[in-house]
Amino acid sequence: ELKVEQNPLFLSMQEGKNYTIYCNYSTTSDRLYWYRQDPGKSLESLFVLLSNGAVKQEGRLMASLDTKARLSTLHITAAVHDLSATYFCAVDIRGGKLIFGQGTELSVKP
Amino acid sequence: GAGVSQSPRYKVAKRGQDVALRCDPISGHVSLFWYQQALGQGPEFLTYFQNEAQLDKSGLPSDRFFAERPEGSVSTLKIQRTQQEDSAVYLCASSLALSQETQYFGPGTRLLVL
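Line order of the protein sequences matches chains A and B.
With the first letter of the first sequence counted as 1, position 9 gets the number 9 in the working numbering; the numbers rise by one all the way through.
With the first letter of the second sequence counted as 1, position 79 gets the number 79 in the working numbering; the numbers rise by one all the way through.
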């Protein structure tokens, strides 16, 4: 059975600090997504990673994919309060069927 | 342009009641997906359609759950004889094609079964 595991599940950061969220998955996949969810809101697409070694950056967030290690990372640089949200990785296992991780709840404090 | 819309946004049902949840995908999007999100968890796949064809319903938790997309656009997720464990947020997503496309999510319907 495919498992997608994120860690940490909860992350409290100070503004200005850097941190990384990890996403491990248990089967082969060549497509991985990162989504953001604010409390009571739906999911907002952040990144789609399509190949081994793919790296994408948007603002203070950078995502990477290592398909051989079955690992994706979401790196946060110089965190700001606006980044407080829950972040999900999701693996495409078959033509669009996404399996999500448990989510990482990020809280950025002044 | 308009995103994915869902209605109702909130639904309170008495146990045993039937409910119908509606999803309007982004215009022109071929693929449509339903997910169930329990409190504090990630979304879990329920079913997906390509146009009007339901290609995978492996995630539907029981035969009380039924989804349709008769004309290849709007979709309805129906839950019969609701039970308390059905309480969750039901998310709909659409994408331009079945694969290699980002799924865009609607705001969800929050279902509470009493």
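A hint or two may mislead.
[Stated by the list, open to error] Straight-line Cα separation of at most 27 Å, DSSO-like style, residue types lysine-lysine; simulated pairs:
| # | chain 1 | residue 1 | chain 2 | residue 2 |
| --- | --- | --- | --- | --- |
| 1 | B | 14 | A | 56 |
| 2 | A | 109 | A | 68 |
| 3 | A | 17 | A | 56 |
| 4 | A | 17 | A | 109 |
| 5 | A | 68 | A | 56 |
| 6 | B | 57 | A | 97 |
| 7 | A | 97 | A | 56 |
| 8 | A | 97 | A | 68 |
| 9 | A | 97 | A | 17 |
| 10 | A | 56 | B | 11 |
| 11 | A | 41 | A | 109 |
| 12 | B | 78 | B | 11 |
| 13 | B | 14 | A | 97 |
| 14 | B | 14 | B | 78 |
| 15 | A | 41 | B | 78 |
| 16 | A | 17 | A | 41 |
| 17 | B | 11 | A | 41 |
| 18 | A | 3 | B | 57 |
| 19 | A | 109 | A | 3 |
| 20 | B | 11 | B | 57 |
| 21 | A | 97 | A | 109 |
None of these hints come from the bench; they were simulated from the model.
Verification of the hints:
1. B:14 with A:56: Violated: residue 14 (chain B) and residue 56 (chain A) sit about 46 Å apart, past 27 Å.
2. A:109 with A:68: violated, 35 Å
3. A:17 with A:56: holds, 20 Å
4. A:17 with A:109: holds, 10 Å
5. A:68 with A:56: Distance of about 18 Å is within 27 Å: holds.
6. B:57 with A:97: holds, 11 Å
7. A:97 with A:56: Answer holds: residue 97 (chain A) to residue 56 (chain A) is near 22 Å, not above 27 Å.
8. A:97 with A:68: holds, 21 Å
9. A:97 with A:17: violated, 35 Å
10. A:56 with B:11: violated, 38 Å
11. A:41 with A:109: holds, 21 Å
12. B:78 with B:11: holds, 13 Å
13. B:14 with A:97: violated, 31 Å
14. B:14 with B:78: Judged against 27 Å, a Cα distance of about 15 Å means the pair holds.
15. A:41 with B:78: holds, 22 Å
16. A:17 with A:41: It holds: about 26 Å lies between the C-alpha atoms, which stays within 27 Å.
17. B:11 with A:41: holds, 16 Å
18. A:3 with B:57: holds, 19 Å
19. A:109 with A:3: Not satisfied, since the Cα-Cα distance of roughly 31 Å exceeds 27 Å.
20. B:11 with B:57: Between residue 11 (chain B) and residue 57 (chain B) the Cα gap is close to 23 Å, so the pair holds against 27 Å.
21. A:97 with A:109: violated, 35 Å
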